[in-house]
Amino acid sequence: GAGVSQTPSNKVTEKGKYVELRCDPISGHTALYWYRQSLGQGPEFLIYFQGTGAADDSGLPNDRFFAVRPEGSVSTLKIQRTERGDSAVYLCASSSLPPLAGGLETQYFGPGTRLLVL
Amino acid sequence: AQSVTQPDIHITVSEGASLELRCNYSYGATPYLFWYVQSPGQGLQLLLKYFSGDTLVQGIKGFEAEFKRSQSSFNLRKPSVHWSDAAEYFCAVAPKAAGNKLTFGGGTRVLVKP
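Chains as they are written, first to last, in the working numbering: chain P, 929 to 1046; chain H, 37 to 150.
Don't take each hint at face value.
Some but not every residue of chain P turned toward chain H, in silico, with C-beta under 8 Å [as the list claims (entries may be wrong)]: (1) V932; (2) T935; (3) Q1035; (4) P1039.
20 Å max Cα-Cα, derived SDA-like pairs, lysine to any residue [what the hints assert, rightly or not]: (5) K132/H <-> E1033/P; (6) K132/H <-> G987/P; (7) K85/H <-> K939/P; (8) K939/P <-> P76/H; (9) K939/P <-> K97/H; (10) K132/H <-> K939/P; (11) K85/H <-> S986/P; (12) K97/H <-> S1024/P; (13) K132/H <-> S986/P; (14) K85/H <-> A983/P; (15) K945/P <-> S54/H; (16) K85/H <-> E972/P; (17) K85/H <-> G987/P; (18) K97/H <-> G987/P; (19) K132/H <-> Q978/P; (20) K85/H <-> T1034/P.
Keep in mind that the hints were calculated from the coordinates and are not lab data.
C-beta: ideal position from N, C-alpha, C; glycine also.
Looking at chain P on its own, in the form it has when it is part of the complex (with noise of 0.2 Å):
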C-alpha cells in the first residue's frame, strides 16, 4: 500500500513569501505529525494531529507557522513571511492510533519536503 507522502518535494521561495507544504498521511491513519530536520541535526516536534483537532501544537516555533488538517487526512503545514533561518526539511508521520489512547503506535514518515528560503 501506499504510504505517507508529501508535496512537493522540493521548494525554493524567496524570504517574505508564503508557502504551503502538503502531507497525505496512510490512508486510515488517525494520527498525523510534523518534524522539521534541520541540516545536521535530528527531526524536532512540531506539531500532531487527532483526526482534525491539533492535540499539540508546542512545537511551533512561532506564529508565523500554523497546520490545518480539515477533514482529519489530508494536512498543510504553512509558513507565512518566510526567513532564511526556516529552510530546513520537513516531515511528515501518520500513526494508525491516536496516541492519547495509550497505545504507542509506529510513526510511518514521508520522504520531506525541502524546503530553501532566498
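Keeping the supplied structure of chain P fixed, place chain H upon it in accordance with the hints.
Just chain H now, with coordinates in the frame of chain P:
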C-alpha cells in the same frame, strides 16, 4: 525536558565488521525508545522499539538494541555490517504519558568501507 544524546557524529566501519551506535537519554522516567534509519532521499524507517520487558530488542535488517536503565542508554548493534547499512541513524524517545511526539538525537552517520 527530555533529551537524547548520540555522542558519535560519524562512524566508519568496514563491511563485515560489527557496529555499535551509542544513545543516551535524559528523562524523568523510562520513556519509549526507538531507533530509526534515514537513507539518502528516503524517509525515516523504524528499526526497532522498546516499550518494556526484555531489555534486548530485535529489529529489522539484523539490528538489535539493548536498554540499560542504570546507564540511561539504548545502544544499537549489528554483528556484521553490509554496504547497504550506510545511512544516518537516529535514536528517539517518547514519553509514556499522553502524547506521542518523538524527541530525536542528533544522529550518527555511518560510512561503510568495502
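Checked hints:
no.	hint	in the structure
1	V932	holds, 7 Å
2	T935	violated, 14 Å
3	Q1035	holds, 7 Å
4	P1039	holds, 5 Å
5	K132/H <-> E1033/P	holds, 12 Å
6	K132/H <-> G987/P	holds, 18 Å
7	K85/H <-> K939/P	violated, 33 Å
8	K939/P <-> P76/H	holds, 18 Å
9	K939/P <-> K97/H	violated, 33 Å
10	K132/H <-> K939/P	violated, 36 Å
11	K85/H <-> S986/P	violated, 24 Å
12	K97/H <-> S1024/P	violated, 23 Å
13	K132/H <-> S986/P	holds, 17 Å
14	K85/H <-> A983/P	violated, 23 Å
15	K945/P <-> S54/H	violated, 48 Å
16	K85/H <-> E972/P	holds, 19 Å
17	K85/H <-> G987/P	violated, 23 Å
18	K97/H <-> G987/P	violated, 32 Å
19	K132/H <-> Q978/P	holds, 17 Å
20	K85/H <-> T1034/P	holds, 9 Å
The structure fails to meet hints 2, 7, 9, 10, 11, 12, 14, 15, 17 and 18 from the earlier list, while all remaining hints are met.
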